[in-house]
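Asker: Which chain is which? The protein sequence lines are A and B, in order. The opening position of the first sequence corresponds to residue 0 in numbering that gives the first Met the number 0, with each subsequent residue numbered one higher. The opening position of the second sequence corresponds to residue 0 in numbering that gives the first Met the number 0, with each subsequent residue numbered one higher.
Any given hint could be a false lead.
[Unchecked claim] Straight-line distance between alpha carbons at most 30 Å, and here's what the computed DSSO-like set of lysine-lysine pairs gives:
hint : chain 1 : residue 1 : chain 2 : residue 2
1    : B       : Lys259    : B       : Lys321
2    : B       : Lys251    : B       : Lys321
3    : A       : Lys592    : A       : Lys406
4    : A       : Lys169    : B       : Lys17
5    : B       : Lys65     : B       : Lys17
6    : B       : Lys268    : A       : Lys169
7    : A       : Lys595    : A       : Lys546
8    : A       : Lys497    : A       : Lys557
9    : A       : Lys169    : B       : Lys251
10   : B       : Lys268    : B       : Lys251
11   : A       : Lys169    : B       : Lys259
12   : A       : Lys570    : A       : Lys497
Note that these hints are calculated values from the structure, not bench results.
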Amino acid sequence: MTPAGLLAMLSQDPRFAPRIAHIEVIPARPAVYGQVEPALPPHIEAALSRRGIRLYTHQCDALTAVRKGKNLVITTPTASGKTLAFNIPVFERLAAAPGATALYLYPTKALANDQLGGLRDFERLTGEKMSPDIYDGDTPAGRRVRIRNTARIIVSNPHELHQILSYHAKWDRFFSGLNFVVVDEAHRYRGVLGSNVACLLRRLKRICNYYGADPQFVLATATIANPVELARELTGGEYELIDNDGSPRGTRYFVLYNPYFGARELFSIHQETRDLFLALVKGGLQTLCFTVSRRMAELIARWAGEELKETDPGLAGCVTAYRAGYLPEERREVERRFKQGLLRGITSTNALEVGIDVGSLDAVVVSGYPGTIISTWQQAGRAGRRNSESVAALVAFQNPLDQYFMKHPGVFFAKPSERAVVDPGNPYILSGHLLCAAAELPVRPEDERYFGPRTGAILEALSRDYLVAATPSGWVYTGRARAADAVALDRVGGDVFKVVCDGRLLETLDRAHAFREAHQGAVLLHRGETYVVQRMDLDTRTVYAGKAAVDYHTEAVKVADLRVTGVPDRKTVRGFTVCYGGLTVCEQYTGYKIRKGDSAIGLQPLELPPVTFTTTGLWFTLPETVEEWVWENRRQDPDIAGLLADKPRSATALRQMVFGGGLHGLEHAMIGIMPWHVMCDRWDIGGVSTPFHPDTAGPAVFIYDGCEGGIGLAEKAYDLFEAVAATTCELIRDCGCETGCPACVYSPKCGNGNVPLDKNAALLILSRMVSGRA
Amino acid sequence: MAGESAAGVLDRLGDRWKGIIDRAADLDTLKGQGPARDMFPQPAVPGHEEAEMLRKQLLRQYRGRKIEDVFAGEEAGEDGCTCYRMHSRSPLSLSMLDPDTVRERLLGHLRLLYGIGGVTEESLKSQGYHTITDLTRHPRYGPEAARLAAIIGKGDPAELTGWIRRWFPGSHPLAFYCSSFHDPGQLVLLDIETLGLSPDTPVILLGAAFLSGSEVVVSQYLVREIGEEAAVLKLFLSHLNPGSFLVSFNGKSFDVPYLKARMAYYGIKGRIEHPHYDLLYFSRKTWRGGMDNCRLTTLEEHLFGVTRVNDVPSELVPSFYKTYERTGNIGPLVPIIEHNRQDLVTLARLFARLHEEWR
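Please take these sequences and the hints and turn them into a complete structure.
Answerer: What follows is the structure, encoded as C-alpha cells:
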C-alpha cells in the first residue's frame, strides 16, 4: 500500500482517525543536478558513472568550494548524498597530492565503522589507494603503527584525538600531510561537549601548523539555526555554507498523532505507539519507531511481535528492537536484515537517531517529542525515499509541551531549529585544554591566535599551582599525570556494567542505566527475550541474569534529593536572596514495581547505594510576602476566579498549585533563557523548584550545571543574575500564548511532565524580582 | 564578567585541576603500567609513612642550603640554556668478554640461519657441520652461512643484534654478547627521573655514566627549574657519537622513548638510535627465579648486598620534586639525586656482572 493510501485508510478507521491531529504534506521535489567544472579525474568520473551517479547541485557546490581551498559546512538532510559530497573532493585532492592525508571525525565508534565501509567501497571503485582505516580505542596495538604510518584517511572520534595529540611526533607523517579535517554530525558538538571539541580542534590546528600543514575543515551538520556560526566557533575559521540540496524527494506526510485527543484514555501511550507502528508495518511500510527508553523499545517490539503472531503470522518475525547496549555484531546483523528486507519494523531508542545504518525508510514513528527540533527532524528525516512517498508521525505524550504542538501544528512546522551554542572561551573548559596543549608543545604568546586573548592569564593562574611553568620555550606542562587523562571531553566515564547470562556477555550499560534497569529482580529485555536479574555485583560491576519466560515487567522507583553543600557567595536582589554554591544531587533507587501490562501488581524493596553527583549552582529564596501577594493577584484573574467559584473549598490546593506552578514555570523559562547569557545548551543545565526546601527553609528555585563538578555556567549566571531575571521576565511577558507554551514556560526535559505550570504566577514573581513591584 | 569575579574564577581553576591531576597521578601509581609493574610495585602504606617522615626531615635539614653546597658541580650548557651538572666517581672492574670468544659462540649457533631449527641442527651436526663456517660449504645453507660469517667477522654489533633478534628473543645471551664488539670507552649508561610515567611531563634529572679506566664516572644533569629541561636534553645528546652504545634498565621501554618524546616536544633535532642493551631483560632471564621482583634495588641487594638508606621510592620522585618546586627547599631533591647516582653505579656493576655470569 502507498503511504498516502494507508493514511487515507487510517483516516477512516475509528481506532486511528480521531487521533490524527494534523497531516502536513511536504511536497515531492525533483533532482537538481549540477555541473562539475573542470571535470573530475577520469578514474573518479568512471567510478561514479559505473554506479550510475550524477552529482546533485550541493555535491558540485561542495567540490567547487573545496577546490578553492575554502572551509565548508554542509547542512543538507539525511540521505541527500552528504557523505559523497565530501568524499569526492577529498579523493580528488589526495589522488593528486601523494603525501596528502585526511582525518574524519565521527561522534561514535558505530558511525565511524559505517563510514569506513563507505570509504573502502569508494577506494575499490576508484582504484585510488587510500588505505582508509579506523584508529580508536578498539584498534589493536599491533595495527596502530601501521595505520599511523600508512593510512591516508583515518576515521576516528574526538575522544581518541584528544588522547593521541600529545604523541604527535609519532604522527608526523600524517599531520604534516593533513589536508582535510572532516567533522560529521557537527551539531552534536554543542553546549559543554561542543566547547570541549572546539578547544580540541584548536589544539589539532596548532599541531598541524607546527608540522607545516594547514588543513581545510569540512563540517556536516543536521539542520540547525546557525550552521556557519557553529562551524566558526568550533574551529575558528571562515566558512562557506553548502545548503543548496539538489537531491530528489518523494512526497512526505508528517502526521501529528495525538492519543490524548479528548476522549477517555483506553490505552497507554506505549500501546498507542505500538498500534500505530503495527498499522504501518501491516500496511507494508518498512518502519522505524523511536522510543524514549530502552525498555520501551524492547516492550513495543515484543508486544508488536505477539500481536502479529496472532493476526499476521507471516510477519511475526519481521519486527525487532535495536538499541544502545547491544553488542556491535548484533547491531550489524539487524541492520543487514533490515536492508535486505527480511525485517519490516525496528524499534529503537532515540539515542540512536544517527547510529543506525539502515538507509532511508518508508515510515518513521517518533514516540514523544525528543526535546529538540533538531532531533525531531533528524529522526523524522529517516523516512524519505528518493523516489517514493513516505510517512513520519510524531506521537504526542500527555505532557503540555507535546500537547501544545498537537494543538498548534502551525507553530510546530514553522519552529526554527535550535541554535547550537559553543563557548571555547569558557575558562573552566579552556584551562583544561591549555594544560593538554602545554603537554603537546610549549605554548607561546602567539598561540593566543588559537586559544584566545585570555590564554596568558589562565596559564599564569595555572602556574601558581605548579601545573605549568614559564620557560624560554614557552609554557610547559608540569603536572604529575597525563594531561589528557585528567581532562574529559564529556561525562562518559569508565563506569560500565556488564550483563552476563550463563557466562556469556549479553550487553553493557552505564551505572545509571544498570541501577534503573538491571537491579536485582529486574526483568531485562534483550532482543525480545526476557531475562531476570539474579544478582548485581557492585565491586566487579557485573550483573548476573538468567533467561526466564515471565509475563510481567519491572519499573524501578527513584527518590531524588538535592542538598546544599556550601554557600561561598550570596546577595540580595529586591528582597530575594540569591546564592551561589555547591550542590549534591542524589538519586537512589529504593524499590521496583512489578507490572503486568499497564497495571502494577507488586512492589519490592531494593538496596542500592545512591548515585550522587556534585556540582555548583545558583538558587534563590523569596521574600515571605510574595506567595500571599501572588495569590491575591491571581485569584482575581478570570481563570482562577472561575475555578474558585466552581469549588470554593479547593482554595488551599489551588493556591499551592498556583505558587508551585509559578516557581516551576519561572525555573523553566530561566533555564531556557540561560544560553543567551551563558554560552551553553539548555541541556547542560538542570533545575529544581520547590515550595519548601529543608536547606533554605522555604520556597526555592535551584539552577545548576549538569556536569560533575560544574563548569561555571550557574556561576556566571549568578554574576549576571539581574540581567538573566530581566530577560526571563521579558520572555514570559512578551510571549503571545495564553497559559504557557514551549517558547516560554514549557521545558522539553522536565522530569515532572511540565506539571504544575502557571505562566501568570511566574510572571508575577519575576516582575517583583525585576522591578520590586508588579 | 566583572574583573574581580574573573580573577576569582582563575584562582579556582588551579585548585580544581591540581585536585583532578593529583588524583589521576595517584591512580597511575597504584595501577603500575605494563612491564613497569615490576619496577613500581604497589607501595605499601608503611613505606609511604616513612617517606613522609623523610620528606619532613629533609625539609628541616636542608632549609636555606643551596644545591652547590651539597653536590659538587657547575652550570652546564650554553646561550643562557643551562642546567646544573654534578660529577662523581666510583671504582668498577669490568672485563667484557673477548670478541673472539663471542665470535666463536656465534659461529656455533647454526640456528641463526633461516630454515634451521632444533632437529635440523642436530642432523647437520651429525653430518659434520658444527659451525656456521662449516655450513658455508653446505649446498643449501652455504650462501646465507657465508653472509652471516662475514658479518660476524666484521663484528658490527648493530647488524649482528638485528640478525640475532630474528631468531632469538631479545633477552638471549647472544644478544648481550654483542656488547663485546663495542669499545668500552663508548659505553653510555643512562637513567632518568621524571615527573610522571607518560612523556607528557618533564624530565627532572638525567644521569649518564661512562667508563674511565677502572672507574665509572657519573654525570648528572639537574633541572633546577623546568626551563632547564631543554638544556639537559641537549647536553645528553652531546655525549652521544656514532660509536656510542647505551646500557640501561628498562630504558628501551621507558628512558629512550621518553627522551625522544621530550626532544620532539621542544623541537630538538637529534637521534638516539644507538645499539642499546637493556639489562632488565637479561637480568630477568638470569636472576628472576630467586627474587620477589626484578627492580634494580632488589637486584643490587641480592647480588651485591647493598641496602639503601633514606631512599625515595621511584613512585614518590614526582611528589618530592613537586615539594622542592613549591618550597624552593632542595631537601627533597637530595635523595632523588642519590637514588639516580646509585642506580647508575649499580647498572654499571650489573653490566660487568652479566659479562662474568655468561662468560
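Asker: Of the numbered hints stated earlier in the document, which are not met by this structure?
Answerer: Of the numbered hints, 3 and 12 do not hold.
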